[in-house]
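Asker: Okay, here's what each chain looks like letter by letter:
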Amino acid sequence: MPAPIRLRELIRTIRTARTQAEEREMIQKECAAIRSSFREEDNTYRCRNVAKLLYMHMLGYPAHFGQLECLKLIASQKFTDKRIGYLGAMLLLDERQDVHLLMTNCIKNDLNHSTQYVQGLALCTLGCMGSSEMCRDLAGEVEKLLKTSNSYLRKKAALCAVHVIRKVPELMEMFLPATKNLLSEKNHGVLHTSVVLLTEMCERSPDMLAHFRKLVPQLVRILKNLIMSGYSPEHDVSGISDPFLQVRILRLLRILGKSDDDSSEAMNDILAQVATNTETSKNVGNAILYETVLTIMDIKSESGLRVLAINILGRFLLNNDKNIRYVALTSLLKTVQTDHNAVQRHRSTIVDCLKDLDVSIKRRAMELSFALVNGNNIRGMMKELLYFLDSCDPEFKADCASGVFLAAEKYAPSKRWHIDTIMRVLTTAGSYVRDDSVPNLIQLITNSVEMHAYTVQRLYKALLDDISQQPLVQVASWCIGEYGDLLVSGQCEEEEPIQVTEDEVLDVLEGLLVSNLSTPVTRGYALTAIMKLSTRFSSVNRIKKVVSIYGSSIDVELQQRAVEYNALFKKYDHMRPALLERMPIMEKTATNGPTEIVQTNGETEPSVVEAKHPPPVTQPANQANDLLDLLGGNDVVPVIQTTMPTKPASAGGELLDLLGDLSLSGAPAPAPAPSVPTSQPSFLLDGLSSQPLFNDIAAAGIPPMTAYSKNGLKIDFTFERANPNPNIAVITIHASNSTEADMTDFVFQAAVPKTFQLQLLSPSSNVVPALNQGTVTQVIRVLNLQKQQLRMRIKLTYTHKGSPVQDLAEVNNFPPQSWQ
Amino acid sequence: MIKAILIFNNHGKPRLIRFYQYFAEDMQQQIIRETFHLVSKRDDNVCNFLEGGSLIGGSDYKLIYRHYATLYFVFCVDSSESELGILDLIQVFVETLDKCFENVCELDLIFHMDKVHYILQEVVMGGMVLETNMNEIVAQVEVQNRMEKSEVSVQCQPVAELISG
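Chains Z and R, in that order, give the protein sequences. Numbering (the working numbering) for the first sequence: 1 to 820. Numbering (the working numbering) for the second sequence: 1 to 165.
Keep in mind the hints are simulated off the structure, nothing from the lab. As the structure is a computational prediction, the values presented were derived from the model and not from experiment. Be aware that a few hints might be false.
Mimicking DSSO-like on lysine-lysine, the simulated pairs with C-alpha atoms at most 30 Å apart in a straight line are [unchecked claim]:
1. Z:Lys29 x R:Lys115
2. Z:Lys72 x R:Lys41
3. Z:Lys78 x R:Lys99
4. Z:Lys186 x R:Lys99
5. R:Lys13 x Z:Lys322
6. Z:Lys397 x Z:Lys461
7. Z:Lys355 x Z:Lys334
8. Z:Lys322 x R:Lys149
9. Z:Lys334 x R:Lys41
10. R:Lys13 x Z:Lys787
11. Z:Lys78 x R:Lys41
12. Z:Lys29 x R:Lys13
13. Z:Lys186 x Z:Lys224
14. Z:Lys355 x R:Lys41
15. Z:Lys108 x R:Lys149
16. Z:Lys334 x Z:Lys397
17. Z:Lys167 x Z:Lys214
18. R:Lys41 x Z:Lys397
19. R:Lys99 x Z:Lys282
20. R:Lys115 x Z:Lys108
21. R:Lys149 x Z:Lys72
22. R:Lys99 x Z:Lys322
23. Z:Lys362 x R:Lys41
24. Z:Lys282 x R:Lys149
Taking CB as the label site, the calculated pair distances span [as the list claims (entries may be wrong)]:
25. R:Phe23 x Z:Lys147: 30 to 38 Å
26. Z:Asp555 x R:Glu34: 51 to 59 Å
27. Z:Gln218 x R:Glu106: 24 to 32 Å
28. Z:Leu464 x R:Phe23: 50 to 58 Å
29. R:Asp60 x Z:Arg35: 17 to 25 Å
Cβ atoms here follow ideal geometry from the backbone N, Cα and C, with glycine treated the same way.
Please model the complete structure; the sequences and the hints are all you need to start from.
Answerer: Written out as structure tokens, the structure is:
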């Protein structure tokens, strides 16, 4: 069999291949030759074959059949064989293959070899890919070599020890004695790797960290020698003495000095010295300065030193070298939290970096700029950042937009400015804005009441220009739906009002519905907006037509909405104004019960219609359910009224009708009403008629009061505090009748200001017997979270001597203890 | 810690590949392709640091590279290494290659892949920096090369052609 070709022959051959297929063919041929050569167990050519195999492996071809051959090479006596064998093992093997364990014995022998280079090879291999088993077996050998005086071996042993510690952390203790005099070495290679070893040990174990703190003076001394030693040709790199070692020592000092006052104190001088004496004309000097700055910022350094560090970073920012600017921005980002004022001084330079061509620098400058924004510089910074948003790459736009929103929210100097900024972002980077910002923006716009006209006008104009950016379109359609009336009435104060007709507005919204650019979500917004305009515009017929068309839309969401809106037009037209009212101001906090419900109602109007509950009643019902859950009762009839001063009278009238229906016989009213149990279980009645439910709870000594007394009907209030929740005041009304005739069909209703929640339980009966022969009692529960003065408006209806009587009264004379 | 050292040319052909963490073979090739793609896009006047691609990465890893004539030298490192320090290290490595090969060029790396590995072994071991003194590295490599040569010369003549070079 002819001798296998040499490596360079193979390489030459492969380079002549003109296509990938040709190359593959050549390699396959050679692989076959190598395989047969391996089978022949040829010792002389094995190293050559493995070398070729490694080359082919680098090009991406499979070479696993050479793994065992590497082991055979390692076991050979020849240095040449061992060299390529170990290399092959490191490139082809790893601990996942069982084969690697076979190496253990060879490595052990080689660690004790007479030739240091063989020992070096063994250490290298163990330190690169030794598995935990191997490390455990051979740690002792490594430890021995760590103590040798041979610097070549010592430095390799140190790095090998690092690998052993990483694989088997429990063995760390074993290497402790050997570290004792590592730092007194003169050889820089050993020093360097020793510092690496010490660093690794300190990072892994707080005990080691404490133990090695005593080395700080020694480290400081070594560093000092390096700086002061003058020119030393062996370690010189561009005129600086062993910069790599300096950087390593600085890093170790950083770890040792962190959160330790004494060590930090000991380092202050040398750090100042390094910071001021290092030459900055070449990269090596800057590398050292950079490490020094990081160390100063991390340890407990004195403030003068910190200012020095930040100034160095500031100088870095002005450096022409991009790499220096990059590391400066990265470090400033780390320190901006702790040394905010010092970094602020460099703000203008940082903002200039936004215009840099380099993508990495731009990103860091952007993050840093957002970190530096505060109430004072918001206007200037925002100008720069918006300009950046216009011109930056798409990958930045989402982050930049979110950052702008956050900053604007925190520091906006005026509402108008805030709205303008948002508009600017939406129009320039509208399609990159994150999805969750749409509801946030809507909430913001709702809350800036005085800006509604201005906002809707600007959004409308933006829509006319461009309907492709979905977040913009969604926010705009929502606003037009809400404030369309302001738009057509031309009421804007802030800028020149535009003349828009209702038809034009509807054209735009209908355009959104049919456009290919609109996503289903956007279409939903548009349809709801059109629906809302039915109460604000006069062209109701057009809207009805649009809505009915979409009742057969393929999109299920749109179809459902359209069908429900249709139903609203046809069957529940009287409820439409109340439903489509202006949204009240939304609070963001989740803990505030009522407003949270308002918010969800607003955004899911269709589901509200579906449930057939008018919103004003549903939300109190939900609150009532909460209260009921609190108090454990679930058979009581929730009857709530919350008076909202802006509510149109018709809606209020409906509510009273509902309540009237409810409290009578409980027959289901024609208008939808919360389904309530109509028959009261007897035990409740018993409970109610005898004493107030919470009699056992301490009455807290609140005096009773007379709330109403007229025409023979007297209503007294007595108070208890509900123990589970001290904010709830439990009032029991006692209605008595001093006239000669009974008062039948007696209904007591109560309403409280918006800040309260009221729950009316069912009365003991609806007949107030004449001549004070008995009382009708009813329990009212009032939740008074804000501890405001309790006021109540009551309405009484009853039939007396055949004729219906109705009366309204205000109750203002609540004793202070009842609501404090 | 250095996770990988990659040397490839302007067309993406690998000249030296060294991973200090286990990756399957096809993964290795994918990483090489992805890294080449990221690095070759870069202009010459931007900074030498890149966030690593998704394959080799996590967020802690950076690519630090230098472009010398027709070759890219790329080191993939984590945050425990100083970025500027690694730049210097690449410089030291290239200068060492220069000393060992007498005006090193791409062809030297092509035909002496194993020798380049041996030199690298004296600079970086197990993903950590071992020696940065150029003269020291060169001296050690020379001794080992001489050992190889001497082993061959004690055997008969034809065998002298055994070793690749």
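Asker: Next step is simple, just say for each hint if it's right about the structure.
Answerer: Checked hints:
no., hint, in the structure
1, Z:Lys29 x R:Lys115, "25 Å, holds"
2, Z:Lys72 x R:Lys41, "44 Å, violated"
3, Z:Lys78 x R:Lys99, "27 Å, holds"
4, Z:Lys186 x R:Lys99, "25 Å, holds"
5, R:Lys13 x Z:Lys322, "28 Å, holds"
6, Z:Lys397 x Z:Lys461, "23 Å, holds"
7, Z:Lys355 x Z:Lys334, "21 Å, holds"
8, Z:Lys322 x R:Lys149, "46 Å, violated"
9, Z:Lys334 x R:Lys41, "29 Å, holds"
10, R:Lys13 x Z:Lys787, "77 Å, violated"
11, Z:Lys78 x R:Lys41, "46 Å, violated"
12, Z:Lys29 x R:Lys13, "21 Å, holds"
13, Z:Lys186 x Z:Lys224, "14 Å, holds"
14, Z:Lys355 x R:Lys41, "20 Å, holds"
15, Z:Lys108 x R:Lys149, "26 Å, holds"
16, Z:Lys334 x Z:Lys397, "23 Å, holds"
17, Z:Lys167 x Z:Lys214, "27 Å, holds"
18, R:Lys41 x Z:Lys397, "21 Å, holds"
19, R:Lys99 x Z:Lys282, "22 Å, holds"
20, R:Lys115 x Z:Lys108, "25 Å, holds"
21, R:Lys149 x Z:Lys72, "21 Å, holds"
22, R:Lys99 x Z:Lys322, "29 Å, holds"
23, Z:Lys362 x R:Lys41, "17 Å, holds"
24, Z:Lys282 x R:Lys149, "40 Å, violated"
25, R:Phe23 x Z:Lys147: 30 to 38 Å, "35 Å, holds"
26, Z:Asp555 x R:Glu34: 51 to 59 Å, "40 Å, violated"
27, Z:Gln218 x R:Glu106: 24 to 32 Å, "45 Å, violated"
28, Z:Leu464 x R:Phe23: 50 to 58 Å, "55 Å, holds"
29, R:Asp60 x Z:Arg35: 17 to 25 Å, "41 Å, violated"
The structure fails hints 2, 8, 10, 11, 24, 26, 27, 29 (numbered hints given earlier, in ascending order).
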